[in-house]
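Trainee: Each chain, letter by letter, is given below.
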Amino acid sequence: GAVVSQHPSRVICKSGTSVKIECRSLDFQATTMFWYRQFPKQSLMLMATSNEGSKATYEQGVEKDKFLINHASLTLSTLTVTSAHPEDSSFYICSARGLRGRDEQYFGPGTRLTVT
Amino acid sequence: AQSVTQLGSHVSVSEGALVLLRCNYSSSVPPYLFWYVQYPNQGLQLLLKYTSAATLVKGINGFEAEFKKSETSFHLTKPSAHMSDAAEYFCAVSATYNTDKLIFGTGTRLQVFP
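From first to last, the protein sequence lines stand for chains A and B. This note's numbering applies: residue 1 is where the first sequence begins, and numbers increase by one. This note's numbering applies: residue 117 is where the second sequence begins, and numbers increase by one.
Hints listed in this document are in silico derivations from the structure and should not be mistaken for laboratory results. Please note that the accuracy of each hint is not assured.
Below, a list of computed lysine-lysine pairs in the PhoX-like style, where the Cα atoms sit at most 20 Å apart [said to hold, decoys possible]:
{"no.": "1", "chain 1": "A", "residue 1": "Lys20", "chain 2": "A", "residue 2": "Lys64"}
{"no.": "2", "chain 1": "B", "residue 1": "Lys174", "chain 2": "B", "residue 2": "Lys184"}
{"no.": "3", "chain 1": "B", "residue 1": "Lys217", "chain 2": "A", "residue 2": "Lys55"}
{"no.": "4", "chain 1": "B", "residue 1": "Lys165", "chain 2": "B", "residue 2": "Lys185"}
{"no.": "5", "chain 1": "A", "residue 1": "Lys64", "chain 2": "B", "residue 2": "Lys217"}
{"no.": "6", "chain 1": "A", "residue 1": "Lys14", "chain 2": "A", "residue 2": "Lys55"}
Simulated coverage check for chain A against chain B, where a stretch passes if three residues somewhere in it have a Cβ under 8 Å from a Cβ of chain B [stated by the list, open to error]:
{"no.": "7", "stretch": "25–31"}
{"no.": "8", "stretch": "62–72"}
Just so you know, even glycine gets a beta-carbon here, dropped at the ideal spot from N, CA and C.
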């Protein structure tokens, strides 16, 4: 089956620093990748959608200058949380969709970010 | 606008008992509905999906769900729980078949006791 990995699985950073999270599709090419955020006991909330080689589309209320998304290849997307603050602490999950537009989304295992 | 509500953040059943996880949706357009399962430290995995064909949808691992428009529900069931079914289950709705914009419920954690 289609496998999506995320790295790191957990990260702790100091307030004011930036942290990068990688999302990779391991055995398929992903034209579209999605980034979600999940707070404890809450839904996954879509943050942004990225298509390979183009700028990401951010959901309303998501600061694009704070959450930088790069989708430079068909197997890799990165989310960089810039100038992180404790309120950015959350569980970040990516998903990837294959070349065929009707494919389902395949989800990564998530990254737990803690900002101290 | 679309939304889903999952009633019960925790459900506990005995092994061999019926599993029923509830999901109600709200949608201004005909919905596409999904159930995902998340095992510890793993990504979400699609269990089944409703895409306006048959109202009773069968998925993997013996799960099924029935779309009931009159009740705006898409409850997930399994006749006999296994220990391996213990996981977090998410209901989701989308306005399009290709799942561009999935709206998730808050999840239900299923515990299975021997």
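Trainee: Run through the hints listed earlier and report the numbers of any the structure violates, in increasing order.
Mentor: 6, 7, 8
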